[in-house]
Amino acid sequence: MLENPRIALVGPGAIGTTIAAALHEVGRTPTVCGRTAHPQLILRHDEGRIVVPGPVLTDPADIKQPFDLVFVAVKTTQLDDSAAWLAALCDENTVVCALQNGVEQKTQFAPYVSGATVLPSVVWFPAQREPDASVWLRGKPRLTLPDTPETSRVLAALQGTRCEVDLSADFLSVAWRKLLQNAVAGLMVLTGRRAGMFRRADISELALVYLRECLAVARAEGATLSDDVPQEIVNHFQRYPIDLGTSILADRQAGRPMEWDIRNGVVQRYGRKQGIATPLSDLIVPLLAAGSDGPG
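Okay, so the sequence shown: first residue is 1 according to the UniProt record's numbering, each after it adds one.
Be aware that a few hints might be false.
Below, simulated DSS-like cross-link-like pairs (lysine-lysine); rule was C-alpha separation at most 27 Å, straight line [said to hold, decoys possible]: (1) Lys-178 / Lys-140; (2) Lys-273 / Lys-64; (3) Lys-64 / Lys-178; (4) Lys-106 / Lys-64; (5) Lys-178 / Lys-106.
Think of the hints as simulated: they come from the structure by calculation, not from any bench.
Let the sequences and hints guide you as you build the complete structure.
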């Protein structure tokens, strides 16, 4: 166990700001790295707000030595742009906690982290960027991590913070369950609507059919998930505030590239590998890809 580990965070968006604020609140303020030199980060929550002092570093040349623990909260569409940060922050002794969607974090990060250990995570809290650049945390923050020795570094960093950490001996299944939730959220992009749309009977039925297709692929990839999972996920969306969005919808509305491949395309790709028909994915994925990347 390291005493007073050096902690950095790349990507102070909604998820990154939440983690930075949780660490700052208990006196473990990380070095924050990003594209914009914000003077501070502000997290709003039910009890008030947390202000993380800045500035956010914007030049990787300011990093003079590797860090012990690096949280990375950039989207996969921004990973190439973060290469210089990761090269400066990481060496073979670093643990990189990937706060990203999908089930492919280890292979995605491997070319960038100078031999560091990549620790995937599943993020279970809704947080959204507000127009004033603050972040609104709309649920209790919680992460799920694989139960491995490297996880101890993240556990120690987040111990006593408002961010709960669960360990899973079957992380593959947990990651695929979250991927199913992310995949069906892609329907929000195609309608331009928020979580309230899942209260429509026709949308909830479409979501169930799509989720069952995703479930078949997840099981073929080794996930242990019950037949009840699709209905549980739809029920979850129906309980959300009707105005709650999702990061992929925010990207679409802002005209930014979307994470369509690691949230939805992955089901189609792995389905083809496993010989599983994915008719809904074959419709949804091209629409999301065109909405993200064009042309037109």
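Hints and how they fare:
Proposed proximity of Lys-178 and Lys-140 is supported: the alpha carbons are some 16 Å apart, at most 27 Å. Between Lys-273 and Lys-64 the alpha-carbon distance is near 44 Å, which puts this suggested pair outside the 27 Å criterion. For the hint pairing Lys-64 with Lys-178, the CA-to-CA distance comes to about 36 Å; that exceeds 27 Å, so the pair is violated. A threshold of 27 Å between alpha carbons decides the hint, and for Lys-106 with Lys-64 the separation of about 25 Å falls inside it, so the pair holds.
The straight-line distance between the Cα atoms of Lys-178 and Lys-106 is roughly 17 Å, inside the 27 Å bound, and the hint therefore holds.
The structure fails to meet hints 2 and 3 from the earlier list, while all remaining hints are met.
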